[in-house]
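Each chain, written out:
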Amino acid sequence: MAEDKQTTTLENFVLKKNPWLALTMGILFGAFFHYVIFRLSLPTEPFIYAAF
Amino acid sequence: MTEKKSYSKYFLLGTMLGFLMSTAAGAYITGKPLPLSNFVRFHEYINPNGGFYLTYNQMLAQARRLMADNPGKPLLIIGGDSVFYGEGQSSEHCWTKYLQQELGDDYAVINLALPGTKVFEAGYWVYEKLLSEGQNVFLLTDAMPSTVFEPSGTTPLHYMYFDARERGMLLPYAARENFCRLHREWTLFKDEGHQENLELRAKLNHYLGVEELWTQFTYMVIGNYFHRTTEFRSLLPRRLFQDPFEDRPPFDASDNEKLEHGTKIVKRFMAGITALYEKGPPSEYEQFFWRRLSACTQASVPPNSRKNLIVCVTAINPLFIDELNESEKKEYWHIRDLWLENFTRLGFQTWSLNDKLTCEHYVDFDHLSVEGGKAMAVELAKRLKEFRERGN
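Residue numbers (our numbering), protein chains in the order written: chain U, 1 to 52; chain P, 1001 to 1392.
Be a bit skeptical, because a hint or two may be false.
Partial chain U-side listing against chain P, Cβ under 10 Å, derived [stated by the list, open to error]: (1) Asn18; (2) Pro19; (3) Trp20; (4) Leu21; (5) Ala22; (6) Leu23; (7) Thr24; (8) Met25; (9) Leu42; (10) Pro43.
Since the hints were derived computationally from the structure, they do not count as laboratory data. Using N, Cα and C, we set each Cβ at its ideal position, and we do this for glycine too.
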């Protein structure tokens, strides 16, 4: 019985809450993708200013 | 049996939403200055030397903030390289603070010079925009006679020119825009796709606000990439970093190793010019180096942006010139005069600071100590007052 209850809770979380979880993860991924574009646009070789 | 559902459409929706929200945040932040308190200069940790690629808008916004804080006062932008940046002086004793003191209410001074930046970059691009708006703005920039510059900027600020141009902040000026394409033999950036890459980067920042958002994020929230200057502290937000420069002592005249090294640099610089001289051209100005310099100078600044612009020709530490033999000294001064003349002939207000600085004013080959900065501030303030009284 306890096992069944646990399964139901898990199912509820995964299935009922899943749209919100998926949406949240999607938003984070979208923001990360935006950040990746920023990082890719930065120079790969750093500028090193050598003062004498 | 529970029916299996796929929520990938929610994930996709979220991805688009997250991306759009980031873009909207970038657009919102554009034009807002970095929340810097007691701004003196864009120090090591908030300039490209420290891996912090501040955007053109952030620099412009800093100047606009100072103008708003000082209504009615003309804005004096300090542009140029590390000498005007104040390398050799701490933030507390930076020479531009003394310049502001000397000038009093005559001008509001902002230091937009950066290490490695050339005569018509960064601060100049801010000046050009503000002048085109009809603002009461002046630019004081420096050009050491060895600086090789290019109209569209050079490393490390090359990206900023494209950023400014993409946003329509610069005046349309064909000579500048087409310089790289028209003068393949003169440009420093011959590698394939160099300009195109920077144009794409500027477009990404313009339409997606990527650099606007994530540089502010790096400054405010958390460091998100490793850099050699921040090392193990790379995860800390840049707002926690202070200007690391300290007041340096005057140059030790007995340091023969550095003297020898610096003298070699001067000789190499002179040889780099005269070794390319060809027989034939009727005047020295027709030689490769001077032709290029003249073309770069003309193409860097649209004619109607030259009126409030002053080029200062700074000098290297006299100790290093003393190491040259008589003919080398003569050649050095001759080249320095030609350099100065280049700007004068093209209609720029040009000031030489050579006779105002002594070897005690230097911390190394070309940077000034606190005393040197003070001496420069006093001299420039005097000239600026005269300049203003003459009505430019």
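Does the structure break any of the earlier hints, and which numbers would those be?
none
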